[in-house]
Structure formats: structure tokens, C-alpha cells
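Visitor: Kindly produce the complete structure, drawing on both the sequences and the hints.
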Amino acid sequence: MAATIECGADTNTSENNMSFKKALSVASSLTLQIVAECPVTKARVCDLILPHCAVNTPVFMPVGTQGTLKGITVDQLEALGCQICLGNTYHLGMRPGPDLIEKASGLHGFMNWKRNLLTDSGGFQMVSLVELSEVTEEGVKFKSPYDGKEILLSPEKSISIQNSLGSDIMMQLDDVVSSTVTGPRVEEAMHRSIRWLDRCIAANKNPHKQNLFAIIQGGLNSELRKACLAEMTKREVPGFAIGGLSGGEEKDDFWRMVTLSTDHLPREKPRYLMGVGYAVDLVVCVALGCDMFDCVFPTRTARFGSALVPWGSLQVKQKQYAKDFQPIDPDCQCPTCKRHSRAYLHALFKSDTAAMHHITIHNIAYQLNLMRSVRQSIVEGRFPEFIQTFMKRMFPSRDQYPSWAVDALASVNVTLE
Amino acid sequence: MQLELSRVVQCTSRLGVLKGLGRTGQRSLEVPGCLLYTHFGTVPHLTQDTLHTMSNLPSVTQVTLSNIAEHQEVLEEFKDGFRKFAGLHDTVLYCSLHDPAMLCPTGYTTNKTVSVWGSGGRMELTVAKFMALQKSVQPDWYQSMADGETWQNSTSRKRVRKSVDRTLAHLDECLLELDGVEVFGVVEGGDILEERVRSARETAKRPVAGFCLDGLQTGSMDQSLRTQLIAAVNKELPEDKPRLLQGVGRPDEVLACIEAGVDLFESFFPFQVTERGCALCFSFDISPDPERQNGDLNHDDQTQMTSFEINLKDRRYQDDFRPLVEGCGCYCCQNHQRAYLHHLLVTNELLAGVLLMIHNTSHYHGFFAALREALAEDKLDLLKRRVLRDGARQTERKEQDG
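Sequence order for the protein chains is A and B.
Using UniProt numbering, you'd call the opening residue of the first sequence number 1 and step up by one each time.
Using UniProt numbering, you'd call the opening residue of the second sequence number 1 and step up by one each time.
Simulated from the structure, these hints should not be mistaken for laboratory data.
Remember, predicted model here, so these are calculated numbers, not experimental data.
Heads up, the beta-carbon is just placed ideally off N, CA and C, and yes, glycines get one too.
A couple of the hints might just be wrong.
Said to hold, decoys possible - Which chain B residues stay away from chain A? Per the calculated CB distances, all over 10 Å, these:
| # | residue |
| --- | --- |
| 1 | Met54 |
| 2 | Gly87 |
| 3 | Asn153 |
| 4 | Lys158 |
| 5 | Arg198 |
| 6 | Glu377 |
To be verified - Here's a subset of chain A near chain B, in silico, CB distances under 8 Å, partners left out:
| # | residue |
| --- | --- |
| 7 | Thr259 |
| 8 | Gln326 |
| 9 | His357 |
Guide: If you want it as C-alpha cells, here you go:
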């Protein structure tokens, strides 16, 4: 039995219906308002109205795996301007488990985050983290790393956990296959993902408060992708994710699948590119028509002392910064850069965990600022110029521009100077 | 600095204000009080946002040479002192030798040197190097170099004597380069009364701003002996200079030492509690409230807070949706529940340290505020009973649980 979660913010006024519907067409609690479209590329600026607050896209969503962004309080996250972040169904489903989180008024209540949450299905973790027992039509059987017990994660189970978590956006359980795999397994996974999407839609107890996104699969095969797009877009879901990329695949294949996907996704629904977070990838994929992104990279790399900056990254723990009395980025307005120098942070890494937190805050600020700047440039009709400036800042010279980025941008009418 | 005492209770416990602190001499610190414990200028786990969720923090920040020594070159190149280097804008800076939360290996002290341990290992300090460090740190006041390696049970009388002699010699050398920064002399003497008295008398003859009492840290001796030694030492020290006790932070020991005439403590105890995944919860509220009394007497309710701290990793907190301490105004208690802290600890999340440090720091400083208030109103006994009863009940419960 799912708890009724009172959010307080912009919710649709449809009545609360707790019965189990098998309909494929459900009301949703998401509205996409397109604010601006780039006349040159496929980029758009939108306001995504979700139950807890509006989200301005393009948006980068930081990842707070276990119901916390590592080392950062929810107040700090809010102060940075974050409107939506991720929680992880697999991890939270294990510890502390959906029942406890329901008792705590959902994941929002448990971690005391007042804005939006997106949860993934647990699918990716199953494949990347645990000893995989078996994938069948029923679901994925795997061994729990905590007590060795066998667990079946089915579409129904995944949605049930996500219903308990109460996230604003939920992801379908998809049959996840590594992007480096080829052959019939890719096609099998694509078709199964469609069937699992239907099961997920049927299992969603809270369509009025929780938005279930489909995930387009098909690996690096255009035909399979197109088939998946054709089928999944027939379903009435509030949004689509582009999955199965951002693994170890070649970037040349990666961008082609992204742009193919956005070509065939409806304009009036958000497009979420999963697992993408490097600055260059973000800018290019916005140009290719994506609205939402997530990645552990900025927060994970921070804990290793790597600070993200417009010209790449800065390894604070390296000796060269021991006597560098500037802030990480003199132009950055984040709390870390306003108060501390590279030299202090370099030294602090030897004494206290707070050093990691300072860099984490900076990196989140960097990512959110980047998206904000991208958005502003699109609204002001100068996104192509923004891209030129961005690339010049990021790379020492034109011949160092990654060729996949050059090609991808050319495909949307931006010729890099 | 000047110590203005407003009360002396029962001839020993002192209440007052330490004034004239800092660059401009405008800052002050109430006593009995504690310094703000930091690692290299940072309160453990906290950035400025999380630190500033707390108001009424001590105006004096403590840094230690064990954190700083390895960065001497950087500070010398920076030239403007540690306070500016660390972005500590508005604080008085006190520099001690060792980190009170870490026990140092013994056997490395010589007649002319003491050693500190940084991230890269041991660093040997002569007085010259010690003073060069102080010059680069530019604290508002510091503790003179000292040999305090007398806390082990096996320390011989001869060794204790040496520690007193060496410490005095180091102090005299430090004083040669006085240059406007205030120095605390360090009273040594191990557990030998005569040596303690000798050290105190001699140190008091020097032009120091105050006194550190060293070698008495938690674990080195019984509280009864500690009280005896401190009382004897304080008799030899001028009334109008502050006494800072190093290495003691447990609430019951703090109480006893205040009664013996100590003014200042280091606030490393909340950090230690945080590191073991615990939250301070002992009561220091002595306002009359019949309902609360009844609650505390309920032995059957195992979740009642009746100890110095609770261990949040314990399964009993898994679905406890109350704040760490009911009525606590800290950011952690206002925003989060025990169940969430339990989850963060079980999953090894960094946020656990942040939230616990906020709460424990807040609670501890609240304790000191209550101490001062109790002294002002002559209710120290009442406070003592309140705090110690909680500690006793915890011991009782531990014995019951077997």
C-alpha cells in the first residue's frame, strides 16, 4: 500500500486514485513549456513543471545515490540552485528499503529535500554492480551484496519501490545491455524493454504524482533504435530517456544515436540523456536536442580533488597548487571560490574531509552554471556563438577539438572555427 | 588579554570574561569556556555554510602545529598569516602544539626538540623552528613549546623532572622573541605533586599571558588525582591570568576541573563523538520541569536519552523519526531524524559526519553556556547532578545489557 505523499507545490488537481489501473494512457503531473528554440541547432529551453517546483532546462541533475549528495546538506544544494536531483532505486531499495522510506514520507521526507527527485529503476546498477544471475522475461535475478540472498527485480517490483520513494520522475525498468555488446542480445533487450515499459506503466500506482519515463534502447544500431522509438512513442508517457549510451562506446557512434533519438522523439515532451555529464558532452547534446542530463562524474571526481573549470579541470591535490593563492576559478561565484584559495584546499586535503566538500560544492556550481549559461544563450538567440566561445576556452587550439564534437555540431549547422 | 572575573564560587570555580583578545583587542571570550577545535582552520567536516548554521560559536579558533608544521614554506611565501590563508575572517587565533584528539607516539622528545606528526610523518621542532612557525602562522596567542610526555603510567620521576626543566627552558627561549604576541606558559609535572607545584611556581614567574596545564589529558589519570593536581597548581598561579586545560573534554571531567579552577578547555570532544558515529544527548537543562523529570525516570524505555551520547549505528534507531535531541535548535535536529542519521552511518555516507559534527558542536557549546549560567546563579551542584546522573545511568545500562 503506497502512502499518500503531500507535496504542497504545483500538483495537478485530479483526484487521488489509488486503484490499480491497467490502462496504457494515464494522466501525468508534468507540464513542459517550451520557452525558446535555437533556430540553428536542435536546442531548446523549457520550463519543466513538476510536482515540487519548476525545473529550467537544459538541466544537469546531480546524483545523490543513497538519499544524500555526498557531504552536502540539502540547504547547500538548494542554495546552489539545484531544482532536481537523483536518488537510486537499487541502493535505497536495499538500504534502508522502501517500507522505511514510506514511513518517513517518501524519499523527500527521508532526506528532507523539498524540490524534485528523479529515481532510476535499478536496472543499470544491477548490471554494473552486482553478480548477475539471470535475465528473464520476468525480470532480473541477482544476488544481494549485503546478505547474499537472491532477489528478483521485475518491472513491477522496481515501480513498487519507486512508488514508495515517491519521486517526481521515475524510470522504467529496462533490459540493460552494455553499449559495447553486439548481436541478437541487443535486439532482444530492445524488444523486452518495450514489454517492460508496458508492465511498468500498468504497475504505477501514482500516475498523478509520479511521472514514468520510457527509456529508448537499441544499442548502436540505427534500425533497432528507430524501431524502439516508433513503439515507445506510441505509449502515453510524460517523457523519454535515451538509454544504452554513455558506456564504453565510441563517441562517433554515441552522438549519432543521440541525434537519431531526438529526431524521432516528440517535441513537446522532455528528453533525458542518461549518464552524460562532461562539459563538452553536455553542450553538444543540448545542441542535439536533449533537455536533461545526469552523471556521477562531477561529484565523484571532486572527492579526488579534481575541480571542474571552463578550461578543463584542476587537480587541487597536485604539488603545483601548494602555493597558488588564487581561488579555483577567479570568475566563479560559488562559496568555495569566494572564500578559499587553491593553496588552502590543497593543504586541507591532508587534514580534513571538508576539502572534498568544498570541491563538490564548486563542481556542482560549475555544472549548474554551465547549464544556466547555455540556457541564457539560447533564450538570447546566441547559442552558436556560445558554443564557439565555450570550445575556445576549453581547448588550447582548434586541432585539439574532439572530432566527434566537431562532426556532431556540424550536423546541427555549427561549424567550429 | 585581561581576565575579568565576575565571580569566584567556593574559592575555586571562576566565572568571567577574557577580554582584549585579537588584533584590535576588541574580542572577548567568556569563561569557563572552550576554544573552537579545528583541523588546519576547518571545524572537522564543515564548510563555512554548515559552520555558520551555528551562532554563538567561541570567538577563539584553535589550530595546531601538528596540522600546520608541514605547510611552513607555503605560509612563509603567503606572508599574511594563517588566519588570512584559511579564510578565517573574524576570529581570534590560538596556536597549540599538539592536536588534543590524537595521541602522539612517545620516545621522540629530546632536550632541545619536540616532535609533531603531520600527514607526511614526524617533524622535529627546535625552539628556533617552533618560533619560525609561529611567525608564519601569526596567531593572536600561542602555547609555548613544551615537553608533555609524562602521561604514561611508567613515567619515572626523573623523566617528569626533565619535562618540567625542558619546558621552562623552552619557554624562556620563546620569550626572547616576544614581539607582541601573547604566550601561554605550559605547566608540566606528570602525576607528581611536587613537580607540578615547582612547574607552576616557576612558570608563573615568567611574563606569560596565561597558563596551559599539560599532561593531564583524559586517560592519563583518575579524575580525583587530576583535581588534586590542578588545585595545587592553581594555588601557585596568579588569579588574574587564565588557565587552559589541555586534552580534557568529557562533560564529567570538565565539571570537575572547573570546580578545581580551570577557565578554558579545548573542544575536541564533539569531534571524537562524531567519529564514532554518536550524538551527544546528555541534558544540561536545570530549569524545573516536573514532566521532564518523570520522563527521565522511565527505566523501561530504552530509547530515552540518559547518557552523554547515543550510538546511532544501533539498530534501535533505524525507524526512530525523532530528532537527535528533542528541542535542540541545531541544523541537524531542525531538519533531520535519527532514522536518517542511522541510514547515513550504515551506508558510510559523508553527510553523517557533517550533520553529527554540527549537532555535537552545538550541544557541547550549549553545555558550556549552561555551565556559565549555573555558576552565575550558584547552581553548579544542580547542573553537576543532572549531567552526572545521565552518565551514571549509561554505565548502569551497559552493565545490565552485559
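Visitor: Could you run down the list of hints and mark each one as holding or not?
Guide: Hint by hint, here is what the structure shows:
{"no.": "1", "hint": "Met54", "result": "13 Å, holds"}
{"no.": "2", "hint": "Gly87", "result": "4 Å, violated"}
{"no.": "3", "hint": "Asn153", "result": "31 Å, holds"}
{"no.": "4", "hint": "Lys158", "result": "36 Å, holds"}
{"no.": "5", "hint": "Arg198", "result": "37 Å, holds"}
{"no.": "6", "hint": "Glu377", "result": "36 Å, holds"}
{"no.": "7", "hint": "Thr259", "result": "38 Å, violated"}
{"no.": "8", "hint": "Gln326", "result": "12 Å, violated"}
{"no.": "9", "hint": "His357", "result": "5 Å, holds"}
Hints 2, 7, 8, counting from the list given before, are not met by this structure.
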